[in-house]
Structures are given as C-alpha cells and as structure tokens.
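> The residues making up each chain are set out below.
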Amino acid sequence: MTKGAGEFTVTCVACPVGCEVTVSGGDEVRGNRCDRGREYALLEHRDPRRILTSTVRTTCPDLPLLPVRTDRPIPKRLLFEAAKLLATECISPPVKAGDVVVRDILGTGASAVATDDLF
Amino acid sequence: MNVDVAVIGGGPAGLAAAVAARQAGAGRVLIIERDVRPGGVLPQCIHTGFGVKWFGEELTGPEYAGRFVKQAADAGAESMLETMVLEITRDLRVVAVSPRDGLVMVECGAIVLAMGCRERPRGALAIPGTRPAGIFTAGTAQRLVNIEGVVPGRRAVILGSGDVGLIMARRLTLEGVKVEAVVEIMSYAGGLARNIQQCLRDFDIPLYLGHTISRIHGRDRLEGVSVAPVDDARVPIAEKEWFIPCDTLLLSVGLIPENELSAACGIELDPATGGPIVTDEMETSVPGIFACGNVVHVHDLVDHVTEDGMVAGEAAAAAAASAAATAGATAVTTAAAGAMAGAEGGARAKGGAGAGTRTTTMTGTGAGARPAHYSGRAGVPAGEGNGDGTSRISGTRTLGEIRPGSNVRYVVPQRFVQGGERGGGGRTLTISLRPSEPAENVVVEVSAAGKVLRRQRKERVRPGEMLQVSVDRRTLPSGDGVVTVSIVSR
Numbered sequence: 001m002t003k004g005a006g007e008f009t010v011t012c013v014a015c016p017v018g019c020e021v022t023v024s025g026g027d028e029v030r031g032n033r034c035d036r037g038r039e040y041a042l043l044e045h046r047d048p049r050r051i052l053t054s055t056v057r058t059t060c061p062d063l064p065l066l067p068v069r070t071d072r073p074i075p076k077r078l079l080f081e082a083a084k085l086l087a088t089e090c091i092s093p094p095v096k097a098g099d100v101v102v103r104d105i106l107g108t109g110a111s112a113v114a115t116d117d118l119f
Numbered sequence: 001m002n003v004d005v006a007v008i009g010g011g012p013a014g015l016a017a018a019v020a021a022r023q024a025g026a027g028r029v030l031i032i033e034r035d036v037r038p039g040g041v042l043p044q045c046i047h048t049g050f051g052v053k054w055f056g057e058e059l060t061g062p063e064y065a066g067r068f069v070k071q072a073a074d075a076g077a078e079s080m081l082e083t084m085v086l087e088i089t090r091d092l093r094v095v096a097v098s099p100r101d102g103l104v105m106v107e108c109g110a111i112v113l114a115m116g117c118r119e120r121p122r123g124a125l126a127i128p129g130t131r132p133a134g135i136f137t138a139g140t141a142q143r144l145v146n147i148e149g150v151v152p153g154r155r156a157v158i159l160g161s162g163d164v165g166l167i168m169a170r171r172l173t174l175e176g177v178k179v180e181a182v183v184e185i186m187s188y189a190g191g192l193a194r195n196i197q198q199c200l201r202d203f204d205i206p207l208y209l210g211h212t213i214s215r216i217h218g219r220d221r222l223e224g225v226s227v228a229p230v231d232d233a234r235v236p237i238a239e240k241e242w243f244i245p246c247d248t249l250l251l252s253v254g255l256i257p258e259n260e261l262s263a264a265c266g267i268e269l270d271p272a273t274g275g276p277i278v279t280d281e282m283e284t285s286v287p288g289i290f291a292c293g294n295v296v297h298v299h300d301l302v303d304h305v306t307e308d309g310m311v312a313g314e315a316a317a318a319a320a321a322s323a324a325a326t327a328g329a330t331a332v333t334t335a336a337a338g339a340m341a342g343a344e345g346g347a348r349a350k351g352g353a354g355a356g357t358r359t360t361t362m363t364g365t366g367a368g369a370r371p372a373h374y375s376g377r378a379g380v381p382a383g384e385g386n387g388d389g390t391s392r393i394s395g396t397r398t399l400g401e402i403r404p405g406s407n408v409r410y411v412v413p414q415r416f417v418q419g420g421e422r423g424g425g426g427r428t429l430t431i432s433l434r435p436s437e438p439a440e441n442v443v444v445e446v447s448a449a450g451k452v453l454r455r456q457r458k459e460r461v462r463p464g465e466m467l468q469v470s471v472d473r474r475t476l477p478s479g480d481g482v483v484t485v486s487i488v489s490r
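For the protein sequence lines, the chains are G and Z, in the order given. Under this note's numbering, the residue at position 13 of the first sequence is numbered 13, and the numbers go up by one with no gaps. Under this note's numbering, the residue at position 297 of the second sequence is numbered 297, and the numbers go up by one with no gaps.
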C-alpha cells in the first residue's frame with residue numbers, strides 16, 4: 001500500500017508480529033522492530049516478488065487438476081500473466097511432486113513444478 | 001479386526017499420530033479415513049505457508065500431506081480409505097462402514113480422534129434475504145477451484161476474514177474472478193497478518209472491518225448483497241447500508257471441531273473450544289481415547305497440528321501397550337470372545353485380546369447415558385474404562401487443571417498429568433491459548449495459587465493467532481492444583 005508522497009507502507013510478514021513498516025525517500029525505513037523487517041520492506045518497495053501457486057489441467061478424469069508452484073519467487077506484477085499461462089497448460093501422467101511442468105515462465109527463469117503426484 | 005491403535009481421520013493430525021504410534025512401538029496402527037485419499041484438507045490447500053516450523057521450509061498443502069503420507073507408509077501404518085466411522089465406544093471399539101468391506105468392527109488398544117473440523121454454514125448465520133444459488137463456504141469453493149476445476153462465479157463477495165476466506169480471495173482473483181470485498185463483522189481481521197497483506201492488499205481487495213452482510217438478494221442465482229457497518233451490539237446500521245452486485249458469496253465465518261462421535265461416546269467437551277477436554281498427553285476424559293489437531297481446537301498452523309498428533313500417537317501407543325499387557329493375563333478367554341464375535345451377523349468383527357467375554361453389540365456401552373466425570377482427577381470408576389475392570393495408564397494418575405484467565409478465550413490442554421513427562425517436551429509443559437480480544441504490549445502470565453510461574457512478553461496478540469507458553473513442570477502445583485493462564489498489560 002502506498003500513502004503520502006513518496007512513502008510506501010507494508011505489513012512485514014517476516015515473522016508473526018506484523019509490523020507496519022514505512023519506506024520513504026528510497027531507503028529510509030521506520031516502523032520495523034528488527035533488521036529482517038528493514039530488508040523485507042526495502043525489497044517489497046524495490047522489487048516485490050511472490051511464489052505463485054496454481055493448478056494445471058490434466059488428462060486424468062479422476063484428478064482433473066494438478067497443483068503447481070513456482071520454484072522461486074517471481075515479480076509480483078507478472079502474477080496474473082503467469083496464472084493465465086498456467087491455465088493454458090494440460091499435462092498427462094505420470095508426474096511426481098517436484099517434476100518441472102513449465103520451464104522458464106515469462107522469461108523469469110522460474111519453473112512451475114508439480115506439488116503432488118499424478119498417476 | 002483387532003488393532004493396537006486406531007486413528008479416526010487421515011488428515012495431518014491423524015497421519016502424525018499414526019507415525020508417532022508406530023515409532024513408539026505400537027504393533028498394528030490403522031488410519032480410518034472417509035475420503036478416497038489421505039491428507040485431509042491439505043490437498044486442496046495448494047498455497048504455500050505450511051511446514052515452516054516442522055520442516056524448516058515453506059511447503060504447499062499437497063507437499064506437506066505427501067511427506068506425512070509417505071512417513072506413515074514407511075512407518076508401517078495401515079489405512080482404510082472411503083471408510084466412515086459410525087461409532088466409537090468407551091470400551092474402545094470402532095464401528096465403521098465402507099463400500100469395500102461393508103460394516104466393520106475394530107477392537108482397539110487405544111483410539112486417537114483426528115476428525116478435524118468443519119465450516120460454519122449459512123444456516124448458522126441469521127442473514128435475512130432469499131436463498132439463491134451461488135453461496136458457498138470458503139472451503140467448498142476452494143475444493144471446487146483447486147480439486148475439481150470449477151470456478152464458482154464471476155463476481156464475488158467474501159463474508160468473514162478467516163484464513164480460508166483470505167486465501168480464496170487471492171485464488172479467485174488469480175482465476176479471473178472479481179473479488180469485490182471482504183466483509184468482517186469484528187473490528188479486527190480473523191486471519192493471519194501475512195494473509196491480509198499477501199491475499200488482499202497485494203490485489204487491492206477492500207477489507208471492511210466492523211461491517212456485515214445485512215441482506216442477500218436474488219431469486220435463482222445470487223444477484224448481490226447489502227453491506228452495512230454494525231453498531232456496538234453488532235447490529236447493522238440500516239441508514240448506512242449499500243448494495244454490492246455479485247453472483248457468488250463465500251462464507252469464511254469460523255470452523256467447528258467435528259465431535260459428533262466424541263459426544264455420542266460421552267467424551268467431555270470444552271464449550272470454549274468445541275473439542276474434547278484433554279490432558280497434556282492428549283488423552284480425553286475417556287481413558288484410552290486420545291485426540292489431536294482441529295478436533296480438539298481449531299489451529300491456524302498445520303505444524304502445531306502435527307505436534308499435537310505426535311504427542312497423541314505416542315501416548316496412545318503407551319496406552320495400547322498397557323492394555324495388551326492386561327490382556328495377556330486374560331488370554332484364556334480370547335478364543336471364546338473370537339467365537340462370539342464371529343457368530344454375530346452383519347458385523348465382520350473378530351474378537352481378540354482384551355475382549356474378555358463381552359458380546360459385540362453395535363450400540364456401544366450406553367455411552368452418553370452417564371456423564372463423564374473429569375473434575376481434576378481421572379480415576380476410572382469401576383466398570384468404565386476398558387470394560388474389564390482394569391485401569392489404563394491414566395487411571396491411576398492425578399490430574400492438575402489449567403484454566404483460562406483474563407483475556408484468554410481458551411487453553412489446551414485443560415489438564416496436566418502430575419509427574420508426567422510425555423507431554424511433548426520432557427520437563428516442559430507447553431500450553432496453547434487464544435486471546436479473547438486483540439491487545440498490545442502484554443504479558444502472557446502463567447500462575448498457580450497466587451504465584452507467577454512464567455511471564456512471556458508479547459508485542460501484540462490477536463484472536464486469529466494462537467499463542468504458546470511453556471512452563472517448567474517442576475514449578476507446577478502438586479495434587480489436583482489449578483494453573484491459570486492470563487494475558488495482562490505490561
């Protein structure tokens with residue numbers, strides 16, 4: 001969430017305390033109670049990334065979907081596009097949890113890997 | 001059928017209990033699961049966030065479940081899938097039914113309850129309006145989207161800010177559904193802070209705290225909801241009501257431990273948790289029956305469910321071993337019991353160790369006719385317990401009591417075994433608790449007889465986040481003393 005001119009505020013999720021950390025002027029951080037909060041807020045401000053979890057279609061009638069995750073965080077702004085890409089995939093068994101389903105999503109270098117087995 | 005430990009439910013709690021029971025030396029450990037696959041709710045929880053505490057890494061639900069399914073198999077636990085338990089009895093029998101085996105009776109050395117919880121449905125809320133299609137509990141919607149591949153609608157509103165609802169706000173958004181709002185009657189969010197950030201704020205989904213849905217509109221399909229702020233008595237303020245068009249409403253308004261089996265068996269339940277009252281060994285008020293996970297109280301992290309399950313499984317294995325030792329003394333009667341059980345129509349029961357000369361009835365032992373007595377001591381009244389007059393492990397022990405104090409909604413366990421060291425932490429007794437109200441700069445205080453045993457500072461506490469506090473067992477009061485856990489300002 002942004003607020004104020006040039007200010008950026010985020011709830012830190014590095015631990016359960018949930019500090020509201022504000023970044024202003026690019027690298028001035030306040031509201032954090034520890035260094036992890038500072039790092040988290042700076043990264044969130046500069047280059048927010050998320051693990052994307054979704055599903056891909058399968059050819060199995062009993063298990064029409066296979067859950068997948070990206071093997072590393074991808075830029076937050078690409079989440080929708082990546083989700084759309086995964087929605088066009090369809091795979092056949094056998095697949096084991098950890099197998100790569102889609103390689104190098106949108107040029108991020110991240111792969112979508114299966115999080116469950118499909119027999 | 002005859003097993004040492006029967007585990008009712010194959011979710012994370014049951015799987016952990018089965019693993020721990022086998023590791024603790026139980027011979028036959030049987031998981032009874034009504035779904036076609038083990039894992040409980042985890043297979044549909046495709047998001048990450050599981051296992052940070054237990055495995056030291058962030059896993060998805062299917063990955064977490066997969067690890068425990070494998071561990072249970074490697075440990076030699078057996079399982080019956082698509083099997084519905086109809087009844088458990090105070091003399092440790094389980095009656096179940098499945099398409100493959102028909103009606104089954106299992107005689108057990110110990111039982112672990114791991115039935116989990118279910119979602120509070122619309123019928124439990126007094127929302128005025130019509131009853132159109134398009135209203136789902138959040139977990140049902142999660143199953144539709146993640147397992148069955150069906151998106152429930154195009155425009156959604158979510159009532160309640162529990163974690164499943166927040167997770168579904170993000171999931172539906174990524175599947176192309178427009179999530180118009182999350183509406184929460186309380187002045188604070190029910191779910192974890194990280195989910196508020198990553199599921200709502202990341203996608204600019206508005207969260208209306210102190211608001212509720214005051215009317216449901218639409219005849220065949222949901223057409224929209226009226227939303228209004230509430231006053232101090234949580235009554236909607238009609239003048240401030242507005243309309244949000246939507247075709248889908250998800251309810252994330254609380255989870256209820258699933259205890260029909262426990263109640264029918266006469267197990268004493270805690271009205272604050274909705275689950276059985278348990279000792280630090282996760283034993284219920286019925287000796288030999290243990291409980292773990294969301295059937296005891298609703299957890300927010302699966303890692304804690306696993307910890308519970310491990311304690312329950314280990315304790316159940318010990319109880320089963322003690323039952324087997326008793327049975328050895330009465331082995332002479334075993335053959336007769338087998339003959340009787342085999343002769344009974346319908347039930348494919350096999351009599352066995354410890355069965356004595358009881359007849360195998362399908363109605364239990366009058367469970368529920370007599371209230372369970374559990375006021376500080378777990379002495380087993382004659383004729384109760386395992387039915388052959390001998391006491392189980394807990395029968396001869398003295399129990400202390402743990403009670404919620406100021407700003408504490410509940411504590412688990414509610415009892416502790418005097419001199420016990422098995423409660424998962426050797427000399428340490430760990431108490432889980434949930435605050436009644438959010439508060440900042442507080443101390444979680446454990447006290448007994450006016451003496452403070454432990455003080456633990458907390459920056460902030462919220463009802464949505466379970467707390468744990470540990471005390472040194474050597475400081476606990478002796479006899480049937482009472483320990484109180486309070487949250488006080490600093």
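FYI, nobody ran anything at the bench for these hints, they're computed from the structure. Keep in mind that this is a model prediction, so the values were computed, not measured. Idealized CB from N, CA, C, for every residue including glycine. Please note: incorrect hints may appear among the correct ones.
To be verified - Here are some of the chain Z residues that sit facing chain G, going by a computed Cβ distance under 7 Å: (1) L174; (2) G405; (3) E465.
> Can you name, in rising order, the numbers of the hints this structure does not satisfy?
Number 2 only.
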